[in-house]
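Chemist: Each chain, written out:
Number of protein chains: 2
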Amino acid sequence: MNRKMATCEGSEARSVLSRVPPLLTDLYQFTMAYAYWRADRHNEPAVFELFFRDNPFGGGFSLFAGLSDCLLFLQNFAFSDDDVEYLRSVLPADTDAAFFSYLKELDCSAVSVSAVPEGSVVFARVPLLEVSGPLAVVQLLETSLLCLVNYASLVCSNAARFRLAAGPRRRLLEMGLRRAQGPDGGLTASRYTYIGGFDLTSNALAGRLFGIPVAGTMAHSYVTSFSSLEEVWPQTLVPCGGAGSVDFICLVKGWLGRVCQILGSKTSLVREGELAAFLSYAIAYPQNFLPVIDSYSVSCSGLLCFCAVALALCELQYQPLGVRLDSGDLCRQSLEVRRVFKECSKQFSVPQFESLIIVGTNSISEQSLAELSKKENEIDVVGVGTHLVTCTSQPSLGCVYKLTEVRGRPRMKMSEDPEKSTLPGRKSVYRLLDADGHPQMDLICLSEEAAPEAGVSLTCFPLGLNKTLQTVTPAQVTSLRLDVFTCGQITFPLNSASESRERAQISLQSLHPLHKRLQEPQDYTVVLSERLHSLVSDITKGNSKGSNFLLSN
Amino acid sequence: MNRKMATCEGSEARSVLSRVPPLLTDLYQFTMAYAYWRADRHNEPAVFELFFRDNPFGGGFSLFAGLSDCLLFLQNFAFSDDDVEYLRSVLPADTDAAFFSYLKELDCSAVSVSAVPEGSVVFARVPLLEVSGPLAVVQLLETSLLCLVNYASLVCSNAARFRLAAGPRRRLLEMGLRRAQGPDGGLTASRYTYIGGFDLTSNALAGRLFGIPVAGTMAHSYVTSFSSLEEVWPQTLVPCGGAGSVDFICLVKGWLGRVCQILGSKTSLVREGELAAFLSYAIAYPQNFLPVIDSYSVSCSGLLCFCAVALALCELQYQPLGVRLDSGDLCRQSLEVRRVFKECSKQFSVPQFESLIIVGTNSISEQSLAELSKKENEIDVVGVGTHLVTCTSQPSLGCVYKLTEVRGRPRMKMSEDPEKSTLPGRKSVYRLLDADGHPQMDLICLSEEAAPEAGVSLTCFPLGLNKTLQTVTPAQVTSLRLDVFTCGQITFPLNSASESRERAQISLQSLHPLHKRLQEPQDYTVVLSERLHSLVSDITKGNSKGSNFLLSN
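Just so you know, the sequences run in chain order A and B. Residues 30 to 582 (the working numbering) are what the first sequence spells out, left to right. Residues 30 to 582 (the working numbering) are what the second sequence spells out, left to right.
Wrong hints could be hidden among the right ones.
It does not matter which identical chain is meant; a pair holds if it fits inside one copy or across any two.
Said to hold, decoys possible - Okay, derived cross-link-like pairs now, DSBU-like style, lysine-lysine, Cα gap no bigger than 35 Å in a straight line: (1) 496 / 371; (2) 449 / 403; (3) 371 / 449; (4) 496 / 282; (5) 570 / 403; (6) 449 / 282; (7) 404 / 133.
In case anyone wonders, no lab produced these hints; they're calculated from the structure.
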């Protein structure tokens with residue numbers, strides 16, 4: 030780990046993600062837009078909402094993320110001439126040419142969005158984003174908005190679960206770039222795992238763009254690139270704050286003999302190349318010495334080399350940082366490593382040796398992290414790659430974007446799969462808190478309804494089939510969504526990664542532990558107001574303004 | 030599906046992916062580069078190789094992909110001043126300032142790469158990419174190259190499995206953008222699933238950048254945005270190739286009555302909004318009519334509306350395309366839909382109605398596609414999203430990049446996990462074919478060894494512990510890798526997506542069916558030459574030029 034970490038929070042650069050081209054969408058958005066345009070319906074006021082149907086990973090909650098990227102996308106939404114020419118080449122030949130002129134002038138100046146702030150704890154079926162504007166335009170936004178929210182929220186929620194599994198003390202390092210879905214997948218993962226509760230990333234570009242603290246020292250290839258002490262150059266080191274070069278190889282060899290003696294180890298099993306690699310790294314970075322110690326054998330070579338070099342550094346008044354373990358049984362090895370550190374500390378009177386950092390990185394999953402947290406071990410920092418960024422146990426959140434209103438009339442999709450049905454109408458969402466400040470339930474009601482009031486009882490229907498009316502008296506009420514984009518303008522501060530991370534931590538802290546359990550969490554209640562429930566019933570029965578049956582032809 | 034498809038193969042634009050910034054890598058690449066530079070080892074000639082350890086998805090093969098992106102990345106590799114200033118801010122304060130000047134001048138002009146051509150069938154443990162050049166530079170390339178190859182090869186291999194599960198006849202549409210790991214994840218998925226054997230993508234940007242045929246017509250939101258026939262405008266249609274407007278609503282209503290009559294259905298259960306949506310879409314696109322028919326009820330409304338509108342189109346000499354099913358039991362519904370098409374064809378003497386396209390899209394996985402292929406059904410085109418692009422059953426390939434040689438001396442990592450050990454030395458890779466032209470085994474040997482010859486027996490060791498010497502006489506021999514990048518220049522044509530797709534098809538066709546089985550495939554044999562096997566043994570025993578033991582201190 031590097032002691033010095035980037036803290037350029039304020040200067041968060043415009044992300045690579047802000048350049049999402051509006052053509053990055055499904056072709057059918059354009060064919061539908063044309064059909065609306067052709068029927069002169071493209072400017073009808075319409076409302077879509079974005080939500081997911083199930084909390085991910087079998088958990089009781091999710092974190093909402095991706096909002097800043099959505100807002101930048103909306104602000105920059107415009108088709109280039111090349112985009113339009115491409116569309117002309119793939120849309121049917123009988124498409125009216127005037128439609129392409131229309132596309133060239135499109136932007137989001139008539140679009141407004143209300144959204145849950147990034148980093149908030151959210152639940153299945155609650156509309157997280159409400160997008161209103163001209164029918165054809167808000168339809169065209171669908172795929173891109175889903176793409177920006179889906180993975181961001183998923184990997185952010187995954188990170189929050191790793192954080193819960195790790196406990197609050199252990200530091201977590203994201204290192205999944207090489208396993209992500211290409212370059213942007215990696216960048217997205219670094220940003221949103223940080224928001225979800227990770228402390229560090231290995232991804233240098235994510236550090237630069239998002240101000241995330243970066244970490245990393247060496248790979249096995251560095252170690253195996255050395256084969257002999259002759260490759261170490263320079264061979265001397267100036268003591269910290271002092272003067273006069275010391276023959277560092279000689280000093281380390283002396284320490285290696287003493288370390289082997291007190292541990293009863295054989296210097297003859299120590300790999301010369303590994304010792305050379307550690308020596309060379311320590312000479313380059315005497316204040317940041319943290320090698321990977323399992324290139325050959327931890328106990329026969331790597332750990333001994335580390336102790337010898339680190340003790341020599343201490344003798345010269347430098348502070349070595351620690352070690353990284355990257356294979357085998359991390360818990361068992363970390364105990365052995367700590368035991369050796371303590372033995373060295375005692376035998377050589379080097380108190381700082383007791384508290385050297387041990388980093389563990391070996392295909393860590395949520396489950397192995399949870400098990401690790403239950404077992405005795407001495408791992409201070411855990412690095413996680415593949416399972417974190419690919420969200421192995423559920424690689425997609427399944428967000429959807431559904432039409433809820435056109436020209437002021439509620440719309441609803443009724444599906445042969447009942448859980449694929451949608452909730453009609455423009456809505457408000459409130460979070461009701463109990464007397465302890467824990468979120469108790471989320472209430473979805475029609476936007477024209479009055480907000481619920483603290484201390485006043487209200488009646489509502491839990492989401493789901495055949496649920497009965499219930500009464501609840503909230504101790505506190507908060508509105509879950511805010512106006513974040515109004516008529517083409519961003520009206521909510523674009524949160525930096527660290528601001529969203531702080532919101533996530535606060536939001537998670539307030540959630541009742543029963544909902545945060547990684548296995549078999551208690552279901553969080555989402556309810557509909559009586560009026561919204563009635564509207565759903567009316568449309569389902571076909572006697573409202575949904576889609577009437579054809580009574581005559 | 031649109032009849033007209035993009036075919037701009039030749040104009041394949043520079044992909045978004047070609048702009049991978051070199052800072053998109055792990056921080057430890059820079060800390061190691063500095064340590065090499067500090068020890069004056071940064072220009073030592075070094076060789077890395079890239080491979081994966083297990084064939085993905087429990088299968089018998091993989092497809093190699095991502096090469097064009099790697100080559101563009103290497104060609105453009107250079108740090109900006111901002112990159113270097115960022116690195117200065119995060120590397121330890123005692124880093125020598127001259128190192129940052131060195132970084133500013135770095136490029137890949139001294140780097141060379143040999144690689145398997147994109148789209149080739151490849152196997153676990155075979156080095157796919159060999160990267161040689163100055164030690165510090167080739168080390169810096171690690172994470173970015175892994176990121177570009179890992180997911181590309183994984184999703185390409187996944188697509189090949191979906192293709193095998195679907196059989197050669199059925200057309201496959203990729204539609205995973207909204208579920209991918211952010212924007213580039215979606216773009217990468219579209220490109221590499223096409224190479225792996227998909228026919229179409231829904232992703233418009235992928236169509237434009239890579240010349241992939243695009244497809245798509247309408248979503249449920251289009252259907253639910255209509256509630257009454259009053260919203261249909263214009264209400265008339267000019268017959269194909271003819272003149273004089275026809276009252277299209279009136280015409281369709283007539284057909285609806287006749288369709289309901291021959292099928293014994295009730296017009297009173299037909300949704301007016303759905304009929305209006307189909308009417309409106311058909312008026313906009315009379316030659317491209319392919320609606321989604323499950324917004325309310327396929328049999329009571331969607332299918333009847335489709336038949337009425339499509340028969341009216343036929344009457345006006347247009348050719349409707351077909352329908353999309355997006356929920357429920359796709360096989361059962363497709364049989365019902367085809368039965369109705371045939372009935373209409375017969376009753377109304379409209380022969381083209383028999384062969385209308387049926388598209389199925391409903392959370393298709395490899396398994397459900399394989400099951401679908403075994404069951405009776407009438408689905409012509411299958412659309413796949415989430416399971417394809419997220420590679421649900423194994424979301425990471427686990428490619429690694431390992432040092433094999435420095436200054437002409439072989440390097441090897443020996444791990445506490447034996448399968449994490451690497452193969453030392455610079456190598457050549459040959460594919461030995463049997464008399465039927467099927468790949469029989471891949472031979473890895475040291476680069477200085479002579480190539481095996483067809484018809485000449487050779488002795489070799491299968492990869493793995495305690496395998497014994499075996500003899501083989503190949504009928505044909507091909508060299509698996511080509512020089513693709515030499516001293517900073519791309520020396521192999523950058524293949525378009527369709528060229529790589531063709532290679533993949535040819536490469537897969539030659540593979541023996543036993544290796545292509547989706548479940549329990551026969552293992553493909555990878556062997557080491559006797560000389561390479563001896564080198565591994567020597568280094569493992571510690572008596573070669575690997576990393577000697579410290580015999581004295």
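Chemist: Which earlier hints can't be squared with this structure?
Modeler: Of the numbered hints given earlier, those the structure breaks are 1, 4, 5 and 7, listed in rising order.
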